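2 protein chains.
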Amino acid sequence: MKIYQEDLATMKRIVDDYTQETVDFEIEQTVQTIIQNVIKNGDQALKDYSKKFDQVDLDKLLVEPSELEAAYGTIDDDLKASLLTAKDNITAFHELEKETGFVDVSTPGIVRGQKLTALKRVGLYVPGGTAAYPSTILMNAIPAKIAGVQELVMITPPQKDGINPAVLAAAKIGGVDAVYQVGGAQGIAALAYGTETIPAVDKIVGPGNIFVATAKKQVFGQVAIDMVAGPSEIGILADANARPSELAADLLSQAEHDRRARAMLVTDSLDLAQAVSKEVDQQLTTLPRQEIAQAAINDRSFIAVMPKVTEMFDLMNAIAPEHLEIAFDNPSQYLGLVENAGSVFLGRFSTEPLGDYLAGPNHVLPTGGTARFSSPLGVYDFVKRTQFLQYSAEQLANVADKVTKFARTEGLEAHARAIEARFKD
Amino acid sequence: MKIYQEDLATMKRIVDDYTQETVDFEIEQTVQTIIQNVIKNGDQALKDYSKKFDQVDLDKLLVEPSELEAAYGTIDDDLKASLLTAKDNITAFHELEKETGFVDVSTPGIVRGQKLTALKRVGLYVPGGTAAYPSTILMNAIPAKIAGVQELVMITPPQKDGINPAVLAAAKIGGVDAVYQVGGAQGIAALAYGTETIPAVDKIVGPGNIFVATAKKQVFGQVAIDMVAGPSEIGILADANARPSELAADLLSQAEHDRRARAMLVTDSLDLAQAVSKEVDQQLTTLPRQEIAQAAINDRSFIAVMPKVTEMFDLMNAIAPEHLEIAFDNPSQYLGLVENAGSVFLGRFSTEPLGDYLAGPNHVLPTGGTARFSSPLGVYDFVKRTQFLQYSAEQLANVADKVTKFARTEGLEAHARAIEARFKD
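Going down the list, the protein sequences come from chains A and B.
First residue of the first sequence? That's 1 in this note's numbering, and the numbers climb one at a time after it.
First residue of the second sequence? That's 1 in this note's numbering, and the numbers climb one at a time after it.
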């Protein structure tokens, strides 16, 4: 692995170069055409695209509930047990995220507050092929159902040999209400605008390739979307006491996701840096996804040696990694220094893959530096708020002059007159 | 006003036609070019565009703090009092929105939780000319500062005669940290990517014209944005007891905002519908912004007469109005029927303009049906969450088999090995 020994300012510039992404206008155009076609031709467009992109000739889009039941019956008992444990832990964690509204009646004659309502219908995109992760279905579906979403609609690309049973079993366990086989930008268009078969939803969540991500960005506004997810990332902060073999394994667990994944170690020990680099090379040789992991390690990953702990955190906050491991003794002491990160793993036995599957916290996390302003997927993503306000005649009279002054300053006479209309009789 | 007497299904189709908006690809292209130019040429691009679009030749972008002080000194005392009352009420309401994280240590050997951190730097767009609303500055700035945003940067288009003193005074009262004079898509690009003078922010909020809205949509992902705001809307639910003159005044208070504004009354009384329509025509004749309000009333507004209260709410939930007035007796009894609305005004003395200025709830609200999935602007828009997790060796050992099973099912061998690396010695 590339080892840097630069000062903080230089490291921040280097990190910035790693995070630059450019817009692909050709993909933008292709996606725009697909969306317009789905708006115009509905189900027929979906079937045409399935034939063209997935090489599958569909007679129907809906996956029958009986097929979900059947899939649940076929998966092996160990996987079933893992899925059910994951469900329990994800549920327990996300129950803690539930919020309530409020009402303030502390001033006589004034009621003001906010109420929460679950989104009615949500769409979940699940990639096909090797990127079909049952764990992701649970991570998206469970918070939505805890929030109170009435209709959770899942779409996933059709497969020549039928949809992966583990995916359908996870849909059943996660409480998905309906599954349709359609993928890509056309699937996102169907969820945003609706077709004869697929209902238009209020929000679309779930990961996908560049076509899916671009389509989600384009339909944003028509519906809500979760963050447009980029390649996976791990940042590790470690001192000389950490174990190189474990850190290397953790770096590789992210690198194997994607050629564009990023694995980043920041440490105050050059010895550790060198030992980890050696371990990474060695562990790579026996990985089934060696080629992918190697590309991610070579092109997108690094080790930075920085002398001061505060600077280590400063750099990591500038990176704003999706996953952050703190491999120090007493790691929770450092939580206050973390400003930007999706999910933090504290100490030796909190290796990142634990969080990917079944510890409970969500694994749908902000990537590409967006942890500066985004949160993990949670129950709060499936509710919206409505304010309410009630004034008595007396309280309105108390502020009438101030409101009309304000309105007339802004040149909005009709606003002022709406107040005055109350006091005409 | 157009009065409909149709069944619910027909009304829903009519309402759907009103909300259709189309993408303007020419504007998309123009905005794309502007953003690329600002990324490449920084401050110089901003100055060139100010000359071209605003006809102002700028020597500097920053508005000095002393200019804010001076503006605060020049505004009249009544306006100052209105702004300060608004500040107090907005602060009181938004303090109630503050959230905390959580930690769960109920299982020995497992710590899991979530912490909240304020966004570090936020950009606020304030339109120029007649659309420069001091109230909007307070509505955006106060929640940001309550959340703990360290650096709140405001931009507003340069004006030939200097920026409106009320705008600068509101910036001072709202706690804005720096003001730059730059507008349009170029201003949004500056906030998203930074220039020599203007710092890149984590999130951009605030209303603007179609160029601003399009630019916000295009930089989404690079930074967070608030909802892309459309024209203002009011929905009113009223029965035969409501007063036509008051309802007409309220409908017009939204109609005067914009030719594309929408004013919608749903009532079970045809008599009331006809009386309100007559009142609207009459009140229109003396409005300074008559032409704008008339266009909004003619082209985008309607009255629907529906016999049943449940259907009235069903239709209004399909509309998902930005503002909703419930002009019934005992209006809070009906709050449970409201699913989709930005802000609800209960009863005769809670006319919508009261909420625009100083009752306390936010006036930055979801428009164009987006209340189906979006919330009013609030303190929660200026914080993000970070999960954290710590497992003991024993607890990791307890779930190790389940995690490795999961990982191998998903074809991610390196994930499984990261778990196993902990138990090698």
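Calculated from the structure, these hints are not laboratory results.
Keep in mind it's a predicted model, so treat the numbers as computed, not measured.
Treat the hints with care, as some may be off.
Unchecked claim - As a list, the in silico DMTMM-like pairs of lysine to aspartate or glutamate whose alpha-carbon atoms are at most 25 Å apart: (1) A:405 - B:401; (2) A:98 - B:410; (3) A:80 - A:6; (4) B:120 - B:97; (5) B:405 - B:394; (6) A:402 - B:394; (7) A:115 - B:76; (8) B:278 - A:6; (9) B:278 - B:196; (10) A:12 - B:76; (11) B:80 - A:410; (12) B:87 - A:420; (13) B:51 - B:67; (14) B:115 - A:76; (15) B:115 - A:95; (16) B:12 - A:97; (17) A:405 - B:311; (18) A:308 - A:16; (19) B:402 - A:43; (20) A:87 - B:401; (21) A:160 - B:410; (22) A:172 - A:226; (23) B:87 - A:410.
So, going through the hints one by one against the coordinates:
Among the hinted pairs, residue 405 (chain A) with residue 401 (chain B) is inconsistent with the structure: their alpha-carbon atoms are about 69 Å apart, more than 25 Å. Proximity of residue 98 (chain A) to residue 410 (chain B) is assessed by CA-CA distance (about 30 Å); at most 25 Å being required, the pair is judged violated. Our distance criterion of 25 Å between C-alpha atoms is broken by residue 80 (chain A) and residue 6 (chain A), whose separation comes to about 48 Å. Taken as a hint, the residue 120 (chain B) and residue 97 (chain B) pair is honoured in the structure, with Cα atoms around 19 Å apart against an allowance of 25 Å.
At roughly 18 Å between alpha-carbon atoms, residue 405 (chain B) and residue 394 (chain B) fall within 25 Å of each other, so this suggested pair holds. Proximity of residue 402 (chain A) to residue 394 (chain B) is assessed by CA-CA distance (about 64 Å); at most 25 Å being required, the pair is judged violated. A C-alpha spacing of about 37 Å is found between residue 115 (chain A) and residue 76 (chain B), which places the hinted pair above 25 Å, so the restraint is violated. The hinted pair formed by residue 278 (chain B) and residue 6 (chain A) fails the criterion: a straight-line CA distance of about 75 Å is larger than 25 Å.
A hinted pair counts as satisfied when its Cα atoms are at most 25 Å apart, and residue 278 (chain B) with residue 196 (chain B) does not qualify at roughly 57 Å. For the proposed pair residue 12 (chain A) and residue 76 (chain B), the alpha carbon gap of about 48 Å is over 25 Å, so the pair is violated. Taken as a hint, the residue 80 (chain B) and residue 410 (chain A) pair is honoured in the structure, with Cα atoms around 13 Å apart against an allowance of 25 Å. Restraint check for residue 87 (chain B) and residue 420 (chain A): satisfied, since their Cα atoms lie roughly 23 Å apart, inside the 25 Å limit.
Only pairs whose Cα atoms come within 25 Å are accepted, and residue 51 (chain B) paired with residue 67 (chain B) is accepted, the gap being roughly 22 Å. Taking the CA atoms of residue 115 (chain B) and residue 76 (chain A), the gap is near 37 Å; set against the 25 Å cutoff, the hint is violated. At roughly 15 Å between alpha-carbon atoms, residue 115 (chain B) and residue 95 (chain A) fall within 25 Å of each other, so this suggested pair holds. The suggested pairing of residue 12 (chain B) with residue 97 (chain A) is violated, with an alpha-carbon distance near 35 Å, which exceeds 25 Å.
Restraint check for residue 405 (chain A) and residue 311 (chain B): not satisfied, since their Cα atoms lie roughly 38 Å apart, outside the 25 Å limit. The suggested pairing of residue 308 (chain A) with residue 16 (chain A) holds, with an alpha-carbon distance near 20 Å, which does not exceed 25 Å. Of the pairs offered as hints, the one joining residue 402 (chain B) and residue 43 (chain A) is violated, with about 40 Å between alpha carbons and a cut-off of 25 Å exceeded. Our distance criterion of 25 Å between C-alpha atoms is met by residue 87 (chain A) and residue 401 (chain B), whose separation comes to about 16 Å.
For a cut-off of 25 Å, the pair hint linking residue 160 (chain A) to residue 410 (chain B) stands: about 19 Å separates their Cα positions. Only pairs whose Cα atoms come within 25 Å are accepted, and residue 172 (chain A) paired with residue 226 (chain A) is accepted, the gap being roughly 22 Å. With a C-alpha separation of about 17 Å, the suggested pair residue 87 (chain B) and residue 410 (chain A) falls inside the 25 Å cut-off, and the hint holds.
Of the hints listed earlier, those the structure fails to meet are numbers 1, 2, 3, 6, 7, 8, 9, 10, 14, 16, 17, 19, in rising order.
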